[in-house]
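Let the sequences and hints guide you as you build the complete structure.
Read top to bottom, the protein sequences are chains A and B. Note that my numbering has the first sequence beginning at 82, numbered continuously upward. Note that my numbering has the second sequence beginning at 82, numbered continuously upward.
Rather than coming from a laboratory, the hints here were simulated on the basis of the structure. Any given hint could turn out to be false.
Any copy will do: because identical chains look the same in the list, a pair fits if it lies in one copy or spans two.
Under the rule of at most 30 angstroms between Cα atoms (straight-line distance), these lysine-lysine pairs were calculated in the DSBU-like manner [as the list claims (entries may be wrong)]:
| id | residue 1 | residue 2 |
| --- | --- | --- |
| 1 | Lys345 | Lys118 |
| 2 | Lys110 | Lys176 |
| 3 | Lys242 | Lys360 |
| 4 | Lys242 | Lys225 |
| 5 | Lys110 | Lys360 |
| 6 | Lys120 | Lys338 |
| 7 | Lys347 | Lys370 |
| 8 | Lys347 | Lys176 |
| 9 | Lys371 | Lys118 |
| 10 | Lys110 | Lys338 |
| 11 | Lys117 | Lys225 |
| 12 | Lys308 | Lys371 |
| 13 | Lys120 | Lys360 |
| 14 | Lys360 | Lys345 |
| 15 | Lys371 | Lys225 |
| 16 | Lys118 | Lys338 |
| 17 | Lys371 | Lys120 |
This is what each chain is made of:
2 protein chains.
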Amino acid sequence: MGEKNEQGSDFVTLDVNAQTFFSSAPPLKDESDIAKKVKDFIAQNGEAIERRRLIGIVCVTSGGTTVPLEQRCVRFIDNFSSGHRGATSTEYFVKAGYAVIFLHRRGTCQPYFRDIPEDSFMEYFELNDELTVNVRQAHMEVMKSSIGNYHASVRGGLLLKLPFTTIFEYLQILRIVATSMDSLGPRGMFYLAAAVSDFYVPWMSMVEHKIQSSSGHLNVSLAPVPKMLSVLRNEWAPRAFCISFKLETDTEILLEKAEMALNKYKMHAVVANELLTRKEQVIVLISGKKITIRRTEEFRDVEDPLIDLLVQNHLEFAKQLQSNGSA
Amino acid sequence: MGEKNEQGSDFVTLDVNAQTFFSSAPPLKDESDIAKKVKDFIAQNGEAIERRRLIGIVCVTSGGTTVPLEQRCVRFIDNFSSGHRGATSTEYFVKAGYAVIFLHRRGTCQPYFRDIPEDSFMEYFELNDELTVNVRQAHMEVMKSSIGNYHASVRGGLLLKLPFTTIFEYLQILRIVATSMDSLGPRGMFYLAAAVSDFYVPWMSMVEHKIQSSSGHLNVSLAPVPKMLSVLRNEWAPRAFCISFKLETDTEILLEKAEMALNKYKMHAVVANELLTRKEQVIVLISGKKITIRRTEEFRDVEDPLIDLLVQNHLEFAKQLQSNGSA
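As structure tokens, this is what we get:
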């Protein structure tokens, strides 16, 4: 901590910012419970990796973080994200041979659950003579595959779901997961699809009670959230394979910002996506290339070929590091 | 519009603010579709009211509204609300003999669904020999009553669900519902449990693209949302029975603010609740009294005695107005 890294003094500044963020954050509830779950999950699946039954463990982050504007929170700033990308990707990672730590915003899209629409969900069922509840025949196939796959991944111990709401919870849990996953070396992967707030109100400068509206306009001043990607790469899990996401609404600046993220945070890959077309197409910046991935008739989800590409690159990365003896 | 009411000039100011809000709001998608659904629902159930098969129609609003900070919305300010109060109350209103227009935030708690926890939902089911999906015996009773009651209310045409996300959607849909419900006279009721934003960024002054974070701090300036309770009471549905909610985190100012809302907006009742105890106790300001309603062993939900109290008062109110010949 606080040491200079080979890139110079940048590191120190970031580190100090990150430390300030954590030391002033409200303490995480159930911290020891979460830490134990993560440790057990990594121990169990780490063994499966050694026996070559699994490729690795990936931490998939999903959904948006909130920024409370009041300590007893009524109002908060939120970042839009349905969590669909993270939930879908989790399914493909399990299929590809990974165990997944699914760090997700409470209430967002869940793996194996995305085919069952929340708002018409009750229509999937019928009462038989008021005695039993049945799944309607028309929805049986969807329910069967959803529930079958879900139970298989849970029974196989391949899925650990950790929920968050605020930026404080998200970053504290991510730190626990990342420092625990460091033991996996290059077999650890981070797939950072969550929409993380760029700005926040530091806990200590936050008002305790609900802001009153009688006084006319409301002015909110927000401080930048420290760039934790750097801390993750440099301190928490420096040997892991790291993929971050860049979402923009303006195509013009998307690739430029994605490239900046790749270089500044030394990510192994950056997935660039635009708000309106993100389910159809993404551009992956990886190994000096820009690869466009599209949803086609062959692939139901753009995440299918996307995860395939990332897994191939992760395997290369892990093989190289292991043959160099650095893992 | 723009006329003076008997209370003097206040009305005009409010009206102008409201008009500015609506004329600058982004147009509602599916406006004509929503208007038709509402019209049909009111026509059908209005007939049942005339035949004395129903007491009335209540519009229950539920969940929090969002305030977008960008036109192509990535970031928004949100108001905390699980929607539990609205969903639970809807069930008790149907049970008491009402048809319900459930105007709710997308993704929040739904009537008849609140006993089925979202996060462990998959555990309710099992695969039998990979052939059919069954409800696990341990969860059969909950599923039976949830699905039975849900289907009964839907088949009976007693529940119309209308979703919103932003403050713009919420107020535009509320206006459609309220102006349509005006035809019901005192048989119409508004139960305004939604957590509505007090501040917003007017659409025209909003940036189009995602706000960039490179420039240090972020300052957001928000304008007050016009007080639509007044417009609802004075213009949209002046003969309806109106209940609004006051949620505070600070007990000290809660009753004071509730009383202010009662007088200022001429509500028939205000339900005052505190964030931390809201599932255990509420205080109802009604007919010059303050009545404390508590969840006891007799009542599973505080909404059970709460709806009972409100229905009694609504019946009184409707009887009085009808015998005065003003409906």
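Is the C-alpha distance from Lys110 to Lys360 at most 30 angstroms within one copy, between copies, in both cases, or in neither?
-> Between copies, since 22 angstroms is at most 30 angstroms while 35 angstroms is not.
What label fits Lys308 with Lys371 when the C-alpha limit is 30 angstroms: within, between, both, or neither?
-> Answer is within: at 24 angstroms inside a copy they meet the 30 angstroms cutoff, but 51 angstroms across does not.
Is it within, between, both, or neither for Lys118 and Lys338, if the alpha carbons may be no more than 30 angstroms apart?
-> Neither, since 36 angstroms and 45 angstroms both go past 30 angstroms.
Is it within a copy, between copies, both, or neither that the alpha carbon of Lys242 lies no farther than 30 angstroms from that of Lys360?
-> both (23 angstroms within a copy, 28 angstroms between copies)
Since the copies are identical, ignore which copy is meant and state whether Lys371 and Lys120 lie within 30 angstroms (CA to CA) inside a copy, between copies, both or neither.
-> Neither: 36 angstroms inside a copy, 53 angstroms across copies.
Have a look at Lys371 and Lys118 and pick one of within, between, both or neither, based on CA distance no larger than 30 angstroms.
-> Cα proximity of Lys371 and Lys118: none, with 37 angstroms in one copy and 48 angstroms across.
Within, between, both or neither, where Lys347 and Lys176 count as close if Cα-Cα is 30 angstroms or less = within (28 angstroms within a copy, 60 angstroms between copies)
Have a look at Lys110 and Lys176 and pick one of within, between, both or neither, based on CA distance no larger than 30 angstroms.
-> Answer is neither: 32 angstroms inside a copy and 39 angstroms across each miss the 30 angstroms cutoff.
Intra- versus inter-subunit Cα pairing at 30 angstroms for Lys120 with Lys338 = Classified as neither: same-chain Cα gap 35 angstroms, cross-chain 49 angstroms, threshold 30 angstroms.
Tell me, please, which holds for Lys110 and Lys338 at an alpha-carbon limit of 30 angstroms: within, between, both or neither?
-> So Lys110 and Lys338 fail the 30 angstroms test inside a copy (35 angstroms) and across (32 angstroms) alike.
Indicate which option fits the pair Lys242, Lys225 if close means a Cα-Cα distance not exceeding 30 angstroms: within, between, both or neither.
-> both (21 angstroms within a copy, 28 angstroms between copies)
Evaluate Lys345 and Lys118 at a C-alpha cut-off of 30 angstroms and name the case that applies: within, between, both or neither.
-> Answer is neither: 32 angstroms inside a copy and 53 angstroms across each miss the 30 angstroms cutoff.
In this structure, the earlier hints numbered 1, 2, 6, 9, 10, 11, 13, 15, 16 and 17 are contradicted, and the remaining ones agree with it.
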